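S.K.: If you want the building blocks of each chain, they are given just below.
Number of protein chains: 2
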Amino acid sequence: MNEQEFDRMLTKYADVVVKVGLNLRKGQKLSIRAIIDDAPFIRKVAESAYKAGAKYVDVLWNDERISRIRFEHADPETLGEVPNWLLSRYEDHYQNGEAELAVYSTDPDLLAGIDPELIAKERTARAKKFEPLRKYENVSNWCVVATASPAWARKVFPGLSTEDAQAKLWEAIFNSCRVDLPDPMQAWYDHRDNLIKYKNYLSAKHYSALHYKAPGTDLTIGLPEKHVWQGAEASFKNGITCIVNIPTEEVFTLPDKDKVNGVVSATRPLNLMGALIEDFSLTFENGRAVKVTAKRAKAICAN
Amino acid sequence: MNEQEFDRMLTKYADVVVKVGLNLRKGQKLSIRAIIDDAPFIRKVAESAYKAGAKYVDVLWNDERISRIRFEHADPETLGEVPNWLLSRYEDHYQNGEAELAVYSTDPDLLAGIDPELIAKERTARAKKFEPLRKYENVSNWCVVATASPAWARKVFPGLSTEDAQAKLWEAIFNSCRVDLPDPMQAWYDHRDNLIKYKNYLSAKHYSALHYKAPGTDLTIGLPEKHVWQGAEASFKNGITCIVNIPTEEVFTLPDKDKVNGVVSATRPLNLMGALIEDFSLTFENGRAVKVTAKRAKAICAN
Numbered sequence: 330m331n332e333q334e335f336d337r338m339l340t341k342y343a344d345v346v347v348k349v350g351l352n353l354r355k356g357q358k359l360s361i362r363a364i365i366d367d368a369p370f371i372r373k374v375a376e377s378a379y380k381a382g383a384k385y386v387d388v389l390w391n392d393e394r395i396s397r398i399r400f401e402h403a404d405p406e407t408l409g410e411v412p413n414w415l416l417s418r419y420e421d422h423y424q425n426g427e428a429e430l431a432v433y434s435t436d437p438d439l440l441a442g443i444d445p446e447l448i449a450k451e452r453t454a455r456a457k458k459f460e461p462l463r464k465y466e467n468v469s470n471w472c473v474v475a476t477a478s479p480a481w482a483r484k485v486f487p488g489l490s491t492e493d494a495q496a497k498l499w500e501a502i503f504n505s506c507r508v509d510l511p512d513p514m515q516a517w518y519d520h521r522d523n524l525i526k527y528k529n530y531l532s533a534k535h536y537s538a539l540h541y542k543a544p545g546t547d548l549t550i551g552l553p554e555k556h557v558w559q560g561a562e563a564s565f566k567n568g569i570t571c572i573v574n575i576p577t578e579e580v581f582t583l584p585d586k587d588k589v590n591g592v593v594s595a596t597r598p599l600n601l602m603g604a605l606i607e608d609f610s611l612t613f614e615n616g617r618a619v620k621v622t623a624k625r626a627k628a629i630c631a632n
Numbered sequence: 330m331n332e333q334e335f336d337r338m339l340t341k342y343a344d345v346v347v348k349v350g351l352n353l354r355k356g357q358k359l360s361i362r363a364i365i366d367d368a369p370f371i372r373k374v375a376e377s378a379y380k381a382g383a384k385y386v387d388v389l390w391n392d393e394r395i396s397r398i399r400f401e402h403a404d405p406e407t408l409g410e411v412p413n414w415l416l417s418r419y420e421d422h423y424q425n426g427e428a429e430l431a432v433y434s435t436d437p438d439l440l441a442g443i444d445p446e447l448i449a450k451e452r453t454a455r456a457k458k459f460e461p462l463r464k465y466e467n468v469s470n471w472c473v474v475a476t477a478s479p480a481w482a483r484k485v486f487p488g489l490s491t492e493d494a495q496a497k498l499w500e501a502i503f504n505s506c507r508v509d510l511p512d513p514m515q516a517w518y519d520h521r522d523n524l525i526k527y528k529n530y531l532s533a534k535h536y537s538a539l540h541y542k543a544p545g546t547d548l549t550i551g552l553p554e555k556h557v558w559q560g561a562e563a564s565f566k567n568g569i570t571c572i573v574n575i576p577t578e579e580v581f582t583l584p585d586k587d588k589v590n591g592v593v594s595a596t597r598p599l600n601l602m603g604a605l606i607e608d609f610s611l612t613f614e615n616g617r618a619v620k621v622t623a624k625r626a627k628a629i630c631a632n
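Those protein sequence lines, which keep their order, are chains A and B.
Take any residue in the first sequence, note its place counting from 1, add 329, and you have its number in the working numbering.
Take any residue in the second sequence, note its place counting from 1, add 329, and you have its number in the working numbering.
Keep in mind the hints are simulated off the structure, nothing from the lab.
It should be emphasised that the depicted structure is a prediction, and the values quoted were computed from it without experimental measurement.
Don't take every hint at face value.
Note: identical chains are not told apart, hence a pair may lie in one copy or across any two.
Below, in silico cross-link-like pairs of lysine-lysine (BS3-like), each with a Cα-Cα straight-line distance of 25 Å or less [said to hold, decoys possible]:
no. : residue 1 : residue 2
1   : Lys380    : Lys450
2   : Lys355    : Lys458
3   : Lys450    : Lys355
4   : Lys588    : Lys555
5   : Lys380    : Lys620
6   : Lys450    : Lys526
7   : Lys497    : Lys542
8   : Lys457    : Lys555
9   : Lys355    : Lys497
10  : Lys497    : Lys380
11  : Lys542    : Lys464
For reference, chain A alone in the conformation it holds in the complex (with noise of 0.2 Å):
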């Protein structure tokens, strides 16, 4: 893809994120949480959401490696600190119904060798704080999306340059996004409709419990009687509707939280918040997990 085509696509991708993930309305506000790699993405998404009438886009940009040197050379002691006016900022826009888009690309080995000790520290107190903002819950329309930051792409893509392994990540998230489609938008709403298909189906079928078997899990987990099957889109109390996943295959239901019995394994790593978890397994009896085993239990644990 040379330069023009991947400015053309990711213009695209912008469009269908302002448009099909967050349905924006005109005079919204939108606000951006990104990581400062992504500028050249972010750049699109406020163009198309200004051009959308947006009232304002107001990203709080992120810088990873200053996250992790505040590990490497903060006082333990200050870790607790989170600054008030990252509440006030939420809550005001929560307060006022406005928009809000999540880009994620966090470098998955980006506190790789840090105390997990340390990060539970700071992302507990983080929690705590935050914790006022549980109450407006579903109150307006969100979205989260990925983006081909270069530490993510060299993971995924080891034996590549940097340049050669970002273009092949963003190749990956503009198919999984229905970008490279000749119209997106309408394919989009096709697979929306799909999946409501889908989910109206599993609903209509009243199952009583969902079994998974795969090498290393043997799960079973019990539905509630009059449970509902969810996806695609999702609906908030400011009136808006929007698929707040791109992508998104998937469709969902609740699970009676005392009859999931059995073992699942993850066969692929999880990266939490930057501590890679690899090779864990839970075992679980009557909906409470019995025993945990990972490579990294100790960062599991503290989350």
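Please arrange chain B on chain A, whose structure you already have, making use of the hints.
M.R.: The following block gives chain B in isolation, referenced to the frame of chain A:
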């Protein structure tokens, strides 16, 4: 300068900024305003600050390109929109006597071609929003420094590649900031003592007026009877004294606002928040500007 040498200089520069420029106190939070291109330097500052005992380094990143995209594509009616959280962030900052670093490396052509009326509208709204911050004057230590951003470097060294231009501009910054001396800290303390000597000398002279003569300039500035000269250091209500501009070569005093007469002409372009103003002159009569000439007079008048 090879990569390793550059890294060493950037580390020394960050240390000068944290120790001499901010005189950061152990346990202080440090708030930083920077553009995302500044990341390599800001990471060094964060490391230096945490090593000096900073409680938290809070970087407010901005992307200049998105600032421009707003002017290009947003509904002009929305340009008065300024997020509330920006104000609460600063209020929190000042109320707690925290340290603040502003990093300037603006693209001199950032807003070229944008209607000055739109720029004025956005700036007026910001100024109005931040009015409540005026009461916090001199509460806490701050510092302003520069970095060699790609756009600024290309403007200053137009014949070179971006990479070479940045290297040249960094060299100039390291030199003017005494970072290339064997002991930059001591060099700054010596320089400060020197400036203090000059300001005391000038204060003792009790001059009645300053007369500036140069091509295009013939300006007389009357001084109040009890004027004093300042420079080098500033002291703040949180008890910290520091050198707020890195670099600084100036000593300064207050004019008598009714006793400024004559013409002053700019011989260098002025970068006013992304709008470049060239070849401008101001004519004063008894302290009032009675005539303004400029290539972009509209932009000047709007501000």
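S.K.: Each hint should be assessed against the structure and marked as holding or not.
M.R.: To see whether the hints hold, each was checked on the structure:
Proximity of Lys380 to Lys450 under the C-alpha cut-off of 25 Å is restricted to the inter-copy arrangement: shortest distance 19 Å between copies versus 42 Å within a copy. In the homo-oligomer, the alpha carbons of Lys355 and Lys458 lie at most 25 Å apart only across protomers (24 Å), although the nearest pairing inside one protomer, at 32 Å, exceeds that limit. Taking the shortest Cα distances, Lys450 and Lys355 sit within 25 Å of each other only across copies (21 Å), while inside one copy they are farther apart (40 Å). Taking the shortest Cα distances, Lys588 and Lys555 sit within 25 Å of each other inside one copy (15 Å), while across copies they are farther apart (84 Å).
In this homomeric assembly, Lys380 and Lys620 never come within 25 Å of each other (Cα to Cα): the closest approach is 52 Å inside a single copy and 40 Å across copies. Taking the shortest alpha-carbon separations for Lys450 and Lys526, neither the intra-copy value of 44 Å nor the inter-copy value of 50 Å comes in at or below 25 Å. Taking CA atoms no more than 25 Å apart as the test, Lys497 paired with Lys542 passes in neither setting, with 32 Å inside one copy and 63 Å between copies. Proximity of Lys457 to Lys555 under the C-alpha cut-off of 25 Å is found in neither arrangement, the shortest distances being 33 Å within a copy and 55 Å between copies.
In this homomeric assembly, Lys355 and Lys497 never come within 25 Å of each other (Cα to Cα): the closest approach is 35 Å inside a single copy and 46 Å across copies. In the homo-oligomer, the alpha carbons of Lys497 and Lys380 never lie at most 25 Å apart, since the shortest distance is 29 Å inside one protomer and 39 Å across protomers. Taking CA atoms no more than 25 Å apart as the test, Lys542 paired with Lys464 passes in neither setting, with 37 Å inside one copy and 66 Å between copies.
The earlier numbered hints that this structure contradicts are 5, 6, 7, 8, 9, 10, 11.
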